Each structure stands twice: as C-alpha cells, then as structure tokens.
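Colleague: Build out the structure end to end from the sequences listed, making use of the hints.
Single-letter residue listing:
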Amino acid sequence: MRKRIVLILLCLLLAGCGEQTAAEPVRRTVFAMDTVMNLAAYGDGAADALDAAEAELYRLDALLARGSEGSAVYAYNHGGGTDAELAALLDEAEEIAAATDGAFDPYLGAVLDLWGFGSGAGEHRVPTEAELAAAPRLLDLGGVAKGLSGEYVRDILEAYHVTGAVIDLGGDVALLGAKPDGATWRVAVKDPVDGGAYLGVLATAGGVYAATSGVYERYFEENGVRYHHILDPKTGYPAASGVVSATVVCESGVWADALATACCVLGADASLDLRARLADTAAFDLILVTEDGDVYYTCDGFTPETGNGYTYEKIS
Amino acid sequence: MKKYPELKPTRYDALVVAAVLLLAAALGAYQWRGARADALTVVVRADGAELERFPLGETERRYTSNGVTLTVAATAEGVCVAQSDCPTRDCVRTGTISRAGQSIVCLPARIVVTLEGARGADFDAIAG
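So the sequences go chain by chain: A and B. The letter at position 65 of the first sequence is residue 65 when you use the working numbering, and the numbering goes up by one with no holes. The letter at position 59 of the second sequence is residue 1059 when you use the working numbering, and the numbering goes up by one with no holes.
Source of the hints: derived by calculation from the structure; they are not laboratory data. Hints may contain errors.
What the hints assert, rightly or not - Listed below are the simulated EDC-like cross-link pairs for lysine to aspartate or glutamate, each with C-alpha atoms no more than 16 Å apart in a straight line:
1. A:Lys-179 / A:Asp-194
2. A:Lys-190 / A:Glu-305
3. A:Lys-314 / A:Asp-300
4. A:Lys-3 / B:Asp-1122
5. A:Lys-234 / A:Asp-101
6. A:Lys-179 / B:Asp-1122
7. A:Lys-179 / A:Asp-44
8. A:Lys-190 / B:Asp-1122
9. A:Lys-179 / A:Glu-24
These numbers were taken from a predicted model, which means no experiment stands behind them.
Modeller: Below, the structure written as structure tokens:
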C-alpha cells in the first residue's frame, strides 16, 4: 500500500508541471505632469526601484511646473535665478535651440498662455499679432519635461540593479536594459490620426528614448479652423510645416523630446537635414508623418503596418 | 535466484490510473480555459488600482473616481468611454480601442481602461 501512495504522490508531482510562464515585471502607474505614466521593471530591486522612481517623478513635476509657485521654473521666471539642476537643464535646452535654429524654443511660456495651451489653463483663443509681439520670453520646459524624467528614472532604476524596464511617460517611452528572455523590445507606434491604429512596430534594444510630438495631441477649433499646440517660435502661430507627427528615437531623453517638437515645426525635409547635421553629435532616428499621408522613417528596426492608407518610405 | 512475484493488476492499481487520468484532464482544462486567440479582457483601474475586469462583450458600466463619473461602453469588437463629465472629455475623444495593450485614459478621474489579451500584450509599449 505504501508503494502505491508514493506512486500516486509522484504522479501528482508530475501533473503539476505546467507551461513555463515568462517572468512578469513589477508595474506602477503614476499620474504626474498632466499625464499618466506606466512603469514596468524586471529585476530583484524592481519594487524598491519603482518606489524611488515614482517619488522622483513627483519631484520633477514640482520642479518644472511653470505655474507652481514653489517650482524652480517659476522662480526663474520671477527673477529668482536658477539652481544647479535647472541651470544644467537650461544649458542643454539652449544647446538644442541653437542646433535646431530655434525650431525648439524653451522660452515660449507667455505665447503658449495666450493661446490657452499654457499651464495656467487659460481659455483657448486666437491671440492678436500685437499680443504675440508683446509677449515676454518666459521659460517653459514642458517640451523636455518627460524626456528629462525618462533619463532620471532610467538612472534610478539602474542604480537599483533593475535589469530591464519600460518607462512609458504619457506615450513617450524610455527603454532600459533587456527583457528577461533577452528578446528585443517591441514598441508599437500609434497612428497620429486614428488613435486605435498603429503606424508600425519598432524593434529596438534598450538604452533609447522614443518621444512623439503631434498636432492632434492638443488643439482647439475656432470658426472652423483648427489650432494646435506646437507653435512655430518664429511666428507664434501653430506650425504649418506639413508634418502631423514626429517620433524621435535617441539615447538622450531630453534631445528626443525637444527634437520631436522641433521636427513638427521644421517639416520633413528640414528635419531630415537636421538629422544629417547632428549625426555625429546627437544621432537620432525619426518617424515622420505628413498631412499628405506619407510616413518617412529612418529606423532600421521599424516595420510598417500594411493596408492603412499610408505611403511608407525608408530613408537611410 | 529469487523469482520476482507475478504482477497482477488489482483494483488499487486501477484507482491510481483513474486518479492520474482525472488529474491530467482537470489540469488540462484549467490550463487551456479561455485560450481563444481573440479573448480580450477589459480592465478598469483608478489611481493604478484595479476596479473591475470583464470579458470584452456587449455591456455598459459606470465608474466614479476623483469626482468624475464616466460610462464605459463595450461591444464584442471594442470598448470606449461613451460619456464623461470630466472637463475636457479627452477620454471620449479617444474613441474605441480594440487591440490588446491599448488603453483609454481619463486624467481628471485618473481612470485607465485597458484591453488585455489572453496570451499577453503584443508589444512592450505603445509610443505616440
């Protein structure tokens, strides 16, 4: 009888063998910077790492919020000078402004407010030429806040020995390390016009940041005309370059974020020229969607979606 | 040399066989439940915590969080936020989602409606 009991127990053991499930990441959802952020981290320190990352996101939100009286940006705009952290970020922002010939401009705060796109949540309206001309230069780092956050969060997760992570900050995605099974990261790129569809899938290794700027993200309509939030610094009006959205893939989060905005202002040809010019100093890849339905992409790992009416062209 | 005893199956042996077969069948049914390739689940979270999850199908459900009430409407094909009393109604403007990994967000409510697939998401992230 004892042998039979042992036999039954052994069979039960064998029956317990199921399919190998992939390691699941630790996940965290954070609401900050006026958006929803989804973090997923693999590795032993993941939970603690995400605690630290979440705290950092709130800290950065408070630091950069232009309208918030305690923030470093508010202090700067009210004659309070800068602290070392803000100074370093300003240097980088101005470097990008110079590299893009002003297509990216970190001092558009007052102009954004006039349109109602600023942090002050004013009413959406079309400002007059006179108002635009008189607008002072006010620091607004909304165009690099998520990129900077992505970099800081990546650093924190690395410090906690996280082996792989997806840092999704309101649709801007930073990737750290690798998945436990070593497979390439797969990032779907949203169709800027049809939010339920994809332009394609980007396969990439970790260590990159994919930032997207698009005219359909924030806009209002007045008298049948649509006004979006990506302003051309030279005119103060929404950019009309023919680019509907730009996704920039770069190792630097701050550059990716700022360049995505700049490319929407510059248009397709000038964006590709910019990419060529920056090849040695700030290399980046691009997925550009134009209002004519063309998608120009430079990423080797990007696989276009088919049958969606877009015309794709790979640019080397 | 010692002669090995003859093996004659008894009813205890039959019991063991039956138990193993039953266990195997039960485990198999458990493993492969709902594994149709198109089985999608709607997951509704507020402030990151799960409020409810249900299989994608014809239904309308209302949720209130952080002072905002919204209505989630689903069919066999997809799910959307049909109505919301949030200030900007970006969640309603998002439209219908129909693929695993997609989500609709209402920031004022801090509610996120996500579609999850039976075999996990197709992508690690969605950029844009």
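Colleague: Hint by hint, which ones does this structure get wrong, listed from lowest number up?
Modeller: 1, 4
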